[in-house]
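Asker: If you want the building blocks of each chain, they are given just below.
Number of protein chains: 2
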Amino acid sequence: MVVVVYDIPDDKRRVKLSNFLEGYGNRIQWSVFECFISLNEMRELYQKVKKQVKPAEDNVRFYWMSDEAVSMTLTIGSENPEPPPKYYVI
Amino acid sequence: MVVVVYDIPDDKRRVKLSNFLEGYGNRIQWSVFECFISLNEMRELYQKVKKQVKPAEDNVRFYWMSDEAVSMTLTIGSENPEPPPKYYVI
Numbered sequence: 001m002v003v004v005v006y007d008i009p010d011d012k013r014r015v016k017l018s019n020f021l022e023g024y025g026n027r028i029q030w031s032v033f034e035c036f037i038s039l040n041e042m043r044e045l046y047q048k049v050k051k052q053v054k055p056a057e058d059n060v061r062f063y064w065m066s067d068e069a070v071s072m073t074l075t076i077g078s079e080n081p082e083p084p085p086k087y088y089v090i
Numbered sequence: 091m092v093v094v095v096y097d098i099p100d101d102k103r104r105v106k107l108s109n110f111l112e113g114y115g116n117r118i119q120w121s122v123f124e125c126f127i128s129l130n131e132m133r134e135l136y137q138k139v140k141k142q143v144k145p146a147e148d149n150v151r152f153y154w155m156s157d158e159a160v161s162m163t164l165t166i167g168s169e170n171p172e173p174p175p176k177y178y179v180i
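Those protein sequence lines, which keep their order, are chains A and B. The letter at position 89 of the first sequence is residue 89 when you use our numbering, and the numbering goes up by one with no holes. One rule links them: number in our numbering = place in the second sequence (from 1) + 90.
Note that these hints are calculated values from the structure, not bench results. Glycine is no exception: its CB is placed at the ideal position from the N, C-alpha and C atoms. Any given hint could be a false lead.
[Claimed, not checked] A few chain A residues facing chain B, derived, Cβ under 7 Å:
1) 15
2) 29
3) 64
[To be verified] Chain A stretches covered by chain B per the calculated footprint, using a threshold of three residues with CB under 8 Å from any CB of chain B:
4) 3-12
5) 37-47
6) 66-75
[To be verified] A few chain B positions that, by computed beta-carbon distances, are all more than 12 Å from chain A:
7) 101
8) 102
9) 105
10) 109
11) 112
12) 113
13) 133
14) 173
15) 174
Model the full assembly from the supplied sequences, consistent with the hints where possible.
Answerer: Below, the structure is given as C-alpha cells:
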C-alpha cells in the first residue's frame, strides 16, 4: 500500500491532484490517500504527479508500506486500511 | 518510523495535538508528522492521543514503516525523511 500525503496551497492544483489520485486509491483524509498499488506503480505515479505540481510551492510525499506494516496501522475515528476486493462477483 | 496524519476540525484540539506530536517527531506538512519511534512507542502514543481527540469528529492514523520502507519514500518539494542523529557530539 502507498500512502500519499500532500500540502498544495493552490486550489486548482490541489483539486486536480486529488481528482487524479481518486483513480489510484481511497481518500482517507482531506489530503491523504491510501493506494493499493505496487512499488513500481508508486514510482510511476510519482513521475506523473511530478508533472502536475510545483516543487517550490507544493509538498507531496509517497510512503511505501508492506502488507505486514499495513496490518499494524492504528486508527482513531475511521476504519483500518481496506484493500479493494481481489475479485468482483458479477 | 511512524507517520501520523490527522484531520481535526476543532482548532483547539488540533493545535493541542500538533504541539503534543512536536515532542515525538518532525512536522512534515500541515497535518503530517514523521516520528522516529519504535512500534511499541507507536502503540503507547496511540493510547495517549486517543485521550485527547474525539473519534466522532476527528480522524487520526498511525502508519508503521520499516527502515527499508522509509528509504523508499519519494518526495516532491521537501527532503526525504531524516532520522535524528544517533548521537550528539558535545
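Asker: Next step is simple, just say for each hint if it's right about the structure.
Answerer: Results of checking the hints against the structure:
For residue 15 (chain A), the suggested interface contact is broken, since its CB lies about 16 Å from the closest CB of chain B, more than 7 Å. At about 4 Å, the closest approach between the beta carbon of residue 29 (chain A) and any beta carbon in chain B falls short of 7 Å, and the interface hint on this residue holds. Hint status for residue 64 (chain A): holds, given a least beta-carbon distance of 4 Å to chain B, under 7 Å. For the stretch 3-12 of chain A, the assignment as covered by chain B holds, since 4 residues bring a beta-carbon within under 8 Å of that chain's beta-carbons and 3 suffice.
Restraint check on the stretch 37-47 of chain A versus chain B: 4 residues with Cβ-Cβ distances below 8 Å, three needed, restraint holds. For the stretch 66-75 of chain A, the assignment as covered by chain B holds, since 6 residues bring a beta-carbon within under 8 Å of that chain's beta-carbons and 3 suffice. Separation of residue 101 (chain B) from chain A is adequate, the least Cβ-Cβ distance of about 15 Å exceeding the 12 Å criterion. Listed as a non-interface residue, residue 102 (chain B) keeps its Cβ farther than 12 Å from every Cβ of chain A; the least gap is roughly 17 Å.
No Cβ of chain A approaches the Cβ of residue 105 (chain B) within 12 Å, the least distance being about 16 Å, so the stated non-interface status holds. With a cut of 12 Å on Cβ distances, residue 109 (chain B) stays outside the contact zone with chain A, its closest approach being about 17 Å. Listed as a non-interface residue, residue 112 (chain B) keeps its Cβ farther than 12 Å from every Cβ of chain A; the least gap is roughly 17 Å. Every CB of chain A lies more than 12 Å from the CB of residue 113 (chain B), the least distance being 18 Å, so the non-interface label holds.
Residue placement check: residue 133 (chain B) does not keep its beta carbon more than 12 Å from all beta carbons of chain A (closest about 7 Å). Under the 12 Å C-beta cut-off, the non-interface status given to residue 173 (chain B) relative to chain A holds; the minimum distance is some 15 Å. No Cβ of chain A approaches the Cβ of residue 174 (chain B) within 12 Å, the least distance being about 18 Å, so the stated non-interface status holds.
The structure fails hints 1 and 13 (numbered hints given earlier, in ascending order).
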